[in-house]
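Visitor: Sequence:
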Amino acid sequence: MAQNETPTPEEQEAQTDDMTPPVEEEVQVEEPTKSPEEILQEALKACEEKYLRVHAEFENVKKRLEREKYQAIEYASEKFAKDLIPVLDALGMAIASAKSDADAQTLLTKLTEGVELTHKQFTSMLERHGVKEIDASGELDPNLHEAVMRVESAEYESGHIVQVLQKGYSYKERTLRASMVSVAN
Numbered sequence: 001m002a003q004n005e006t007p008t009p010e011e012q013e014a015q016t017d018d019m020t021p022p023v024e025e026e027v028q029v030e031e032p033t034k035s036p037e038e039i040l041q042e043a044l045k046a047c048e049e050k051y052l053r054v055h056a057e058f059e060n061v062k063k064r065l066e067r068e069k070y071q072a073i074e075y076a077s078e079k080f081a082k083d084l085i086p087v088l089d090a091l092g093m094a095i096a097s098a099k100s101d102a103d104a105q106t107l108l109t110k111l112t113e114g115v116e117l118t119h120k121q122f123t124s125m126l127e128r129h130g131v132k133e134i135d136a137s138g139e140l141d142p143n144l145h146e147a148v149m150r151v152e153s154a155e156y157e158s159g160h161i162v163q164v165l166q167k168g169y170s171y172k173e174r175t176l177r178a179s180m181v182s183v184a185n
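Just so you know, my numbering puts 152 at position 152 of the sequence shown, and the rest follows in order with no gaps.
You may find that some hints are simply not true.
Claimed, not checked - 20 Å max Cα-Cα, derived PhoX-like pairs, lysine-lysine:
#1 K132 to K172
#2 K79 to K120
#3 K132 to K82
#4 K34 to K45
#5 K167 to K132
#6 K69 to K79
#7 K62 to K50
#8 K167 to K120
#9 K132 to K120
#10 K132 to K79
#11 K82 to K120
#12 K79 to K172
#13 K99 to K110
#14 K110 to K120
None of these hints come from the bench; they were simulated from the model. For clarity, every value in this text was computed on a predicted model and none was experimentally measured.
Could you put together the complete structure from these sequences and hints?
Guide: Take a look at the structure:
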C-alpha cells in the first residue's frame, strides 16, 4: 500500500483485528455449594473457638486479680511498718543514752526528753495512718467511752466524764479501743 492511499475497509478490519488482543473465554469454576448444615457447623465451630478464647482470657484476668488482691492484703501494712522504724530507732537511742556514765539527774532528764520525743513521733505517725485519740470530754458516749466507775461530783453534771483512766483510739470512723473513764453520778 502506498503512502497516499487510504486503506480499504477490509484492510482496516484486518489491521484492527491484529491490534485487539485475543478474547479468552471465561471459564467459570463452580465451587461446590455448601449445605445449610455445613454452614451452621462452620459457624458453630467459629463460635466455640471464640468462646474458648474469651473464657481463657477471663480466667487469666480472674487469676491476675486474685494475685493482685492477695498482694494488696499481704503488703497492706508495709507503709505502717516503715513508719514504725524511726520510732524504734528513737527508743533504741533512748536506751543507749540511759546506759551512759552521766550522773543520775542528767540521765533522767535526757531519758525523759527522749521518751517525750518518741511519744510525739509515735503519735504523729499513728495520726498519719488514720489512728486518732478519742476526745474524752463532755457527756459519756457509749460508742466511744467505757464508764468503769461512777463518782460523786458537784463540779460535773450527771453522765459527764470526770476523769480519763485510759485513752481511747479510733481508726478512721471505727473505734479501736474505747476510752476508759469515770463518770459523775
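Visitor: Determine for every hint whether it applies to the structure shown.
Guide: Quick rundown of the hints versus the structure:
Our distance criterion of 20 Å between C-alpha atoms is met by K132 and K172, whose separation comes to about 8 Å. For the proposed pair K79 and K120, the alpha carbon gap of about 19 Å is at most 20 Å, so the pair holds. For the proposed pair K132 and K82, the alpha carbon gap of about 19 Å is at most 20 Å, so the pair holds. Only pairs whose Cα atoms come within 20 Å are accepted, and K34 paired with K45 is accepted, the gap being roughly 15 Å.
A hinted pair counts as satisfied when its Cα atoms are at most 20 Å apart, and K167 with K132 qualifies at roughly 10 Å. About 17 Å separates the Cα atoms of K69 and K79, which keeps this hinted pair within 20 Å; it holds. Distance restraint check for K62 and K50: the Cα-Cα separation of roughly 18 Å lies within the 20 Å cut-off, and the hinted pair is therefore satisfied. For the hint pairing K167 with K120, the CA-to-CA distance comes to about 15 Å; that is within 20 Å, so the pair holds.
Restraint check for K132 and K120: satisfied, since their Cα atoms lie roughly 13 Å apart, inside the 20 Å limit. Restraint check for K132 and K79: satisfied, since their Cα atoms lie roughly 17 Å apart, inside the 20 Å limit. At roughly 17 Å between alpha-carbon atoms, K82 and K120 fall within 20 Å of each other, so this suggested pair holds. Only pairs whose Cα atoms come within 20 Å are accepted, and K79 paired with K172 is accepted, the gap being roughly 16 Å.
For a cut-off of 20 Å, the pair hint linking K99 to K110 stands: about 11 Å separates their Cα positions. Of the supplied pair hints, the one linking K110 and K120 holds, its CA atoms being roughly 15 Å apart against a limit of 20 Å.
Checked against the numbered hints above, the structure violates none of them.
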